[in-house]
Amino acid sequence: MRTIETIFDLSVEGRRGVKLPALDVPVSEGLGQALCRETAAALPQMSELDVVRHYTNLSAKNFSIDKNFYPLGSCTMKYNPKIAEKIAGMEGFAALHPHLITNGFTEEMQGALESIERLQSVLCEITGMQAFTTTPQAGAHGEMLGIMMIDAYHRSKGHKRKYVIVPDSSHGTNPATAAMVGYQVITIKSDENGMMDFEAFKAKMNDEVAAVMLTVPNTLGIYNKRIKEICDLAHSHDAMMYYDGANLNAIMGRVRPGDIGFDVIHLNVHKTFATPHGGGGPGSGPVGVSRTLEPFLPDIGVAKHGEQYALTTGGAQSVGKISPFFGNYGISLRALAYITILGANGIRNSAAKAVLNANYIRVRLREHFDIPYDTLCMHECVLSAKTLAKEGVTAMDIAKYLLDFGFHAPTVYFPLIVKEAIMIEPTETESKQTIDRFCDRMIAAVKLAHEDASQFKTYPRTLGVCRPDDTLAIKQLNVRQPL
Amino acid sequence: MPYTPHTPTDVTQMLEVIGLKNEEALFDSVPAALKIDSLNLPDGLDEYTAFAQFKAMAAKNSTDKVCFLGGGYYDHIIPAAVDALSMRSEFYTAYTPYQAEASQGTLQVLYEYQSLICRLTGMEVSNASMYDGATALAEAALMAVRITKRNKILIDKGVNPQALKIVQTYLSFREIASEVVDADAVEIDESVAGYLFQNPNFYGSVKDFTALTEKLHVHKALAVMSTYPIALGKIKDPGSIGVDIVTADGQCLGNYLSFGGPTFGIIATREQYIRDLPGRIIGKTLDKDGKELFVLTMQAREQHIRRQRATSNICSNQNLMALRATIYLSLMGREGLAEVAELCYQKSAYLKKALAQLKGLKIVNTEPTFNEFVIEVADADMLLGTLKAQGFYAGINLGNLEVSRKNQILIAVSEKRTKAEMDQLVAAIGGALCVR
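Residue numbers (the numbering used here), protein chains in the order written: chain Z, 711 to 1193; chain W, 844 to 1279.
In short, the hints are calculated from the structure, not lab data.
Glycine residues also receive a C-beta, built at the ideal position from the N, C-alpha and C atoms.
Incorrect hints may have been included.
[Unchecked claim] In silico DSBU-like links for lysine-lysine, alpha-carbon gap of 35 Å or less:
| id | chain 1 | residue 1 | chain 2 | residue 2 |
| --- | --- | --- | --- | --- |
| 1 | W | LYS1000 | Z | LYS796 |
| 2 | W | LYS898 | Z | LYS792 |
| 3 | Z | LYS729 | W | LYS1131 |
| 4 | Z | LYS1167 | W | LYS1196 |
| 5 | W | LYS1000 | W | LYS1262 |
[What the hints assert, rightly or not] Covered, in the sense of this in silico footprint (three residues per stretch, anywhere, with C-beta under 8 Å from a C-beta of chain Z), are these stretches of chain W:
| id | stretch |
| --- | --- |
| 6 | 889-895 |
| 7 | 987-999 |
| 8 | 1033-1039 |
| 9 | 1264-1277 |
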């Protein structure tokens, strides 16, 4: 059934969408036939209204925070304040050319340098790290930089190590990053409390381990009580402790990774500091380091000298360049705007309300779902739909059912260690009333599962499309509209 | 408190349900010895005061000079509709489109994006975007290593020197050999995984790389070309000259300069290499009722499924920037993009010709150029400083990127620049050189 019209279907020969300035210089001869394309690229031909109507209609097919509650575990889908967009859109920031940096025109960009220096400083204070770089363009990019710096540290001591340790509850980016920087991955299982099994960890720890990557609190929403012991054991082997800051929202203003003894941390500002997800990006993944790793920071930064801001270059041991300039600067600005408005107390309060909301959901749903690790949680709680298996209802069924009632699906089937996992992270920006409506709907889902499970496979019913055939998508690959 | 809606009554009721006495008890699982009582940060500001603070900061940046800076970041016209549409919060506050039924808007945009990139580059598959042009080139190098199972990357001397450094950083940790070479003199053999080149190159020159790609294919090595999407409105598309992987920075397609980011990276290739592509890919399929829809596909390449065996650790795309590019290319359309490219080319040719007349200045490029070219003067620092004082960012001081290019300046011309602005620049440069 053909239901979709793309820009190519809407194209009409000879139609134009934009009027450009006229050529106001004498015409020079061309580049020559050998270098020029023979026919114009087959882009669509549309009027401005065609384009505006098409994309406005497409936007209406999306769920978004401004329309829907996203109880997405591990994703921290909090509200994105509008003021941050207004700030980043100011011409003084948006029209600033990065090669002014190359020219060394620092007096022309004092405002930008000030904002970067301030962000570096406040992130140091929030995390307890010694220095920060805002150059990584996403959390995973920050992870890569972190492991590169750890690698450079071990090489500087004359020995390249072999392994990176991750728990089995970790995000996929952790092992993927370790591999990308040339390490073998050792995975440690979780214990009955959902924490990295300490004895198993101890058994695997040796002088060939370069780093231990931990998400704190972990993806089960649990704070590891033995965190200090883990750090101390790793350090006794001169392995570096890597803090995946994906879940920093739960503990900001309450406990600082640097104080515990972590050597490097990346943050996901689209989670913790409310910059928009943008439907998948851009993110920004600033990285903080301890004194030990500071010499290995990338080749560009900002320092304050008196009232002036100056560019800094990396030292002799720098890992080099990972971004041309200051990464996704416009995103850093939004994060700084958010932190400026929250201030010290607002940051602490955000963490408290995030944890309050998550625990409220856990307790309201504990009698209706299996909760494999039913203990005080942090920013998220993980349920299991396995008790519904006998009715033939899966976590995915619950997810699709929720869509029809205006709730985005929770994260399902992650973390991998929980069967039929339903991972819920409400964030601090949702009200008790919204959360109550969500919990009521979750309870109604369980009731329906027991009463008429066959209904589930028919959801969602109201979104214009229902469940996709993912196998067909791969078997009959269609990733572009043919000419 | 801003952005947290809880009333005192809400908090009391919720704590009661949980069975805790106060908010502090929510953090009982954190060891007491590790806890802190406060942060040493200022108090929060109201929105109005915060905005004023940022406005004062923005005022300390200079964005009002006539801009001839390029080097991968260009001051092109951005139609108003690009902002209006990309600022719709249904797009920018949406999550990654894992739930296809709730994300058909984003998914269709990305399918159209992939289609547009294929049409522009002459490739068969594109992913849904990378961080930026430089990291896309680095990922393309890793891709060439994976595909050929060889361990050596050659990098052309015309590649953006910053991108070159980033590629070298990525490769160094994997112990992949790399070497900077000249396409005209290079020897290719069976050890080479891929050859990375840029066209138009960083210095603005456009070359015919067909002989190179043929030579590479004889030795089963891959041709990887970094390009400037606006130039593809005029120059030969990479597909037609035998390129295997195309990368580019997408800032020029409807995105702001924003001090270098966010922008986005393009990576596209031939269908046979799709399993080695990093990042997200969108496909079209059918739903259970037989209706067409879009989904994320080929996810078995990605970190959330494959973990340490993924093609890359990348976990995002620069979605909002790719969206802006999709809208930009739809608005420009077939004729519009060709016209922007022609305007850039013609205006740049005019300026290059006028500058060539000046004494004390040499045009460095020997090949044809698109919209950028390099001049050499006796003292680039002094010239750029003088012109800045007269209201021009006249170009990039290349000596600050590469010692061998001391006193060379890279000048870019976009369709925004007028004849009057260029005449004034020529007069200003002429005046400055004369004074010396």
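> Quick check: which numbered hints come out false for this structure?
Replying inline: Hints 1, 3, 4, 7, 8 and 9 not satisfied by this model.
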